[in-house]
Amino acid sequence: MADEMTADFEKRYNGGPTIRAALGLPVGRSHVTVLFGPSGAGKTTVLRCLAGLERPERGRVRFASETWVDTDVGVMAPPQARGVGYLFQDYALFPHLTVAGNITYAIHDLDSRERRVRLDEMIRLLRLEGLEDRRPAQLSGGQQQRVALARVLARRPRLLLLDEPLSALDAPTREQLRGELRALLRGQRMPTLCVTHDWVEALTLADQVAVMAGGRILQTGSPDSVFSRPANAEVAAIVGVETVIAGKVVGRQDGLAAFDVAGKQLWAVEASGKGEAFYLCIRAEDVILEIGAQPSSSARNHLAGRVTDVRPAGPVSRVAVDCGFALTALVTRQAAQDLALRPGTPVTATVKASAIHLIPR
Amino acid sequence: MNWAPIVLTLKLAGLTALILVAVGMPIAYWLTYSRWRWKFLAESVVALPLVLPPTVLGFYVLVAVGPKSPLGQGYQALVGHPLAFTFEGLLFASVLYSLPFAVQPFASAFGSVDPKLVEASWTLGISRLATFLRVTLPLSAAGVVTGVVLSFAHTMGEFGVVLMVGGNIPGVTRTVSIDIYDEVQALNYAGAAETALVLLIFSFVVLSVVYALNRNMWVVWPMR
Numbered sequence: 001m002a003d004e005m006t007a008d009f010e011k012r013y014n015g016g017p018t019i020r021a022a023l024g025l026p027v028g029r030s031h032v033t034v035l036f037g038p039s040g041a042g043k044t045t046v047l048r049c050l051a052g053l054e055r056p057e058r059g060r061v062r063f064a065s066e067t068w069v070d071t072d073v074g075v076m077a078p079p080q081a082r083g084v085g086y087l088f089q090d091y092a093l094f095p096h097l098t099v100a101g102n103i104t105y106a107i108h109d110l111d112s113r114e115r116r117v118r119l120d121e122m123i124r125l126l127r128l129e130g131l132e133d134r135r136p137a138q139l140s141g142g143q144q145q146r147v148a149l150a151r152v153l154a155r156r157p158r159l160l161l162l163d164e165p166l167s168a169l170d171a172p173t174r175e176q177l178r179g180e181l182r183a184l185l186r187g188q189r190m191p192t193l194c195v196t197h198d199w200v201e202a203l204t205l206a207d208q209v210a211v212m213a214g215g216r217i218l219q220t221g222s223p224d225s226v227f228s229r230p231a232n233a234e235v236a237a238i239v240g241v242e243t244v245i246a247g248k249v250v251g252r253q254d255g256l257a258a259f260d261v262a263g264k265q266l267w268a269v270e271a272s273g274k275g276e277a278f279y280l281c282i283r284a285e286d287v288i289l290e291i292g293a294q295p296s297s298s299a300r301n302h303l304a305g306r307v308t309d310v311r312p313a314g315p316v317s318r319v320a321v322d323c324g325f326a327l328t329a330l331v332t333r334q335a336a337q338d339l340a341l342r343p344g345t346p347v348t349a350t351v352k353a354s355a356i357h358l359i360p361r
Numbered sequence: 001m002n003w004a005p006i007v008l009t010l011k012l013a014g015l016t017a018l019i020l021v022a023v024g025m026p027i028a029y030w031l032t033y034s035r036w037r038w039k040f041l042a043e044s045v046v047a048l049p050l051v052l053p054p055t056v057l058g059f060y061v062l063v064a065v066g067p068k069s070p071l072g073q074g075y076q077a078l079v080g081h082p083l084a085f086t087f088e089g090l091l092f093a094s095v096l097y098s099l100p101f102a103v104q105p106f107a108s109a110f111g112s113v114d115p116k117l118v119e120a121s122w123t124l125g126i127s128r129l130a131t132f133l134r135v136t137l138p139l140s141a142a143g144v145v146t147g148v149v150l151s152f153a154h155t156m157g158e159f160g161v162v163l164m165v166g167g168n169i170p171g172v173t174r175t176v177s178i179d180i181y182d183e184v185q186a187l188n189y190a191g192a193a194e195t196a197l198v199l200l201i202f203s204f205v206v207l208s209v210v211y212a213l214n215r216n217m218w219v220v221w222p223m224r
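If you're matching them up, the sequences are chains A and B in order. My numbering numbers the first residue of the first sequence as 1 and each following residue consecutively. My numbering numbers the first residue of the second sequence as 1 and each following residue consecutively.
Here chain A stands alone, though its shape is the one from the complex:
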């Protein structure tokens, strides 16, 4: 297929791990793939190999009809020839240039009028008005990040590579920029590969998630499938949130939002009061299982369902419940025995509205 980017390569470090990656991205349209995993998993190495900053020992990288890397025939395109936009974790802004100088750094060959137009476009897009003559050292972390994005986007790259784009920011700024970054990436006609170890960031940005650990990609898929149906225990431990369901708001009341999920109504506490489509994230330890009919309690969500699987994991058991959608609960082994939980047992799963974490999508 011509409109695809494929990468399949291996990078070895002396005395270190071997990094293997196999990835496919669509080309020429907005699509975000999040490379998700703990630090040291080799995520940044994958980005650097794609950018041409590292040379893989073995493998191929193809971008549409171009070959960037093919170790069999000794092809290794230099970074200059690839047309990627690489956003470094600490932004790597040129300290001796102003904001305007940084943004126009790579479009020096345009004539001055065109350059001005492009600069203004980037200033507007990333809301950097009034900062044109500042130096990077005079900017806040969030502003630096936006300048770095502007510098990368100004030359119209064909592929965006983001290395932990929000990790250098303080928590409130990160919260705010996450949504902005998502809107920005949606508006670009190019694929993005974004590295992160933050699952909220992964769910916010991703169209596709690739979970990486120990130098290997363990699972690739849509965000809700990877988070809700991890392929194995290793992936489950990495993603850390057991149930992720896509849902749409069907009603709002007193700061709560009602969602219709597989015919069941779920209530969740909502901070913003904006947006329609969300991911509903529920951690297994926040799910309470009871036998029999729906009890009445302070919790808003009571879901009737059946146990599909009980799996001991140390002192606790991981119980999968089918209540129209797959829900995972963590109970002590003693509780699992007392309730005689086994596949087929009818249960009521109780989830507090405040235990459902909403991520706009």
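These are calculated hints, taken from the structure and not from any lab test. Note that beta-carbon positions come from the ideal geometry of N, C-alpha and C, so glycine has one too. Be aware that one or more of the hints could be misleading.
What the simulated footprint calls covered on chain A by chain B, stretch by stretch (three residues with Cβ under 8 Å from a Cβ of chain B suffice, anywhere in the stretch; the number is not a length) [what the hints assert, rightly or not]:
| # | region |
| --- | --- |
| 1 | 45–57 |
| 2 | 91–97 |
| 3 | 146–157 |
Partner residues aside, some chain A positions facing chain B, computed with beta carbon under 10 Å [unchecked claim]:
| # | residue |
| --- | --- |
| 4 | Pro78 |
| 5 | Pro79 |
| 6 | Ala81 |
| 7 | Arg82 |
| 8 | Val84 |
| 9 | Gly85 |
| 10 | Tyr86 |
| 11 | Phe88 |
| 12 | Tyr105 |
| 13 | Ala106 |
| 14 | Leu161 |
Residues of chain B clear of chain A, computed beta-carbon distances all greater than 12 Å [said to hold, decoys possible]:
| # | residue |
| --- | --- |
| 15 | Leu52 |
| 16 | Asn168 |
| 17 | Ser177 |
We have chain A already, so just place chain B on it with the hints.
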């Protein structure tokens, strides 16, 4: 006061510093970024003039530029006169002798530029040479100035190499330090004192400029 040796020395030091900018930068760039496993050998060669007695260096240069060496013969065939005991021969020796004084501050400055900035420039599509000129060089300005000033000043004060390679030909190879030596030999202490004072003041000013530019003196090799 005899100005001819001072003018000659300024000309020699100026040209040496100029050549070292052109020659020293590529060497420093290579030393900074090369991953060649035998690089330390090249580093040693560049640093040799720091520890070698000037007479030893001068002796080898004299042999190298002499009429029997390929370099001397090639030069004579090209230009029409021999290289030894000429200003050009002296310039050649000076460049070698002051090489570490230019290369080491250059390399130290290049090495302290964040490699991420260089990589960022490459991924933005900017060639290696343009990246060097637009990122590395501006960010190493203080180190480059230090290298130029130090090699200039070092050439100003050289004695042994000049004596070995240039001899003592007034207006051609008779530099300030040779002039002072001659005056003392001739028991003309007043003449020697005048010229010596000029050199002393000059050296002090130069070092002050270097120290003012970067507070810490250059290290022998850049930390990496």
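Evaluated hints:
Residues of the region 45–57 of chain A with a Cβ under 8 Å from some Cβ of chain B number 3, which satisfies the need for three, so the listed coverage holds. Restraint check on the region 91–97 of chain A versus chain B: 4 residues with Cβ-Cβ distances below 8 Å, three needed, restraint holds. With 3 residues having a beta carbon nearer than 8 Å to a beta carbon of chain B, the region 146–157 of chain A meets the requirement of three or more and the stated coverage holds. The beta carbon of A/Pro78 comes within 7 Å of a beta carbon in chain B, closer than 10 Å, and the hint placing it at the interface holds.
Annotation: interface hint on A/Pro79 holds; nearest CB of chain B at approximately 4 Å, less than 10 Å. Residue-level restraint check for A/Ala81 holds (minimum Cβ-Cβ distance to chain B is 8 Å; threshold 10 Å). A distance limit of 10 Å between C-beta atoms decides the matter here; for A/Arg82 the minimum to chain B is near 8 Å, and the interface restraint holds. The interface hint given for A/Val84 holds, since its Cβ lies 6 Å from the closest Cβ of chain B, which is under the 10 Å cut-off.
Checking A/Gly85 against chain B: minimum C-beta separation of about 7 Å stays under 10 Å; hint holds. Interface restraint check for A/Tyr86: the shortest CB-CB distance to chain B comes to about 4 Å, inside 10 Å, so the restraint holds. Taking 10 Å as the C-beta contact cut-off toward chain B, the hint placing A/Phe88 at the interface holds, the least distance being around 5 Å. Because the smallest distance between the Cβ of A/Tyr105 and any Cβ of chain B comes to about 6 Å, under 10 Å, the interface hint for this residue holds.
Against a cut-off of 10 Å between C-beta atoms, the interface hint on A/Ala106 holds, since the closest Cβ of chain B lies about 4 Å away. Annotation: interface hint on A/Leu161 holds; nearest CB of chain B at approximately 8 Å, less than 10 Å. For B/Leu52, the non-interface assignment is confirmed: its Cβ lies about 36 Å from the closest Cβ of chain A, beyond the 12 Å cut-off. Every CB of chain A is more than 12 Å from the CB of B/Asn168 (nearest about 47 Å), matching its label as outside the interface.
No Cβ of chain A comes within 12 Å of the Cβ of B/Ser177; the nearest lies about 39 Å off, and the non-interface call holds.
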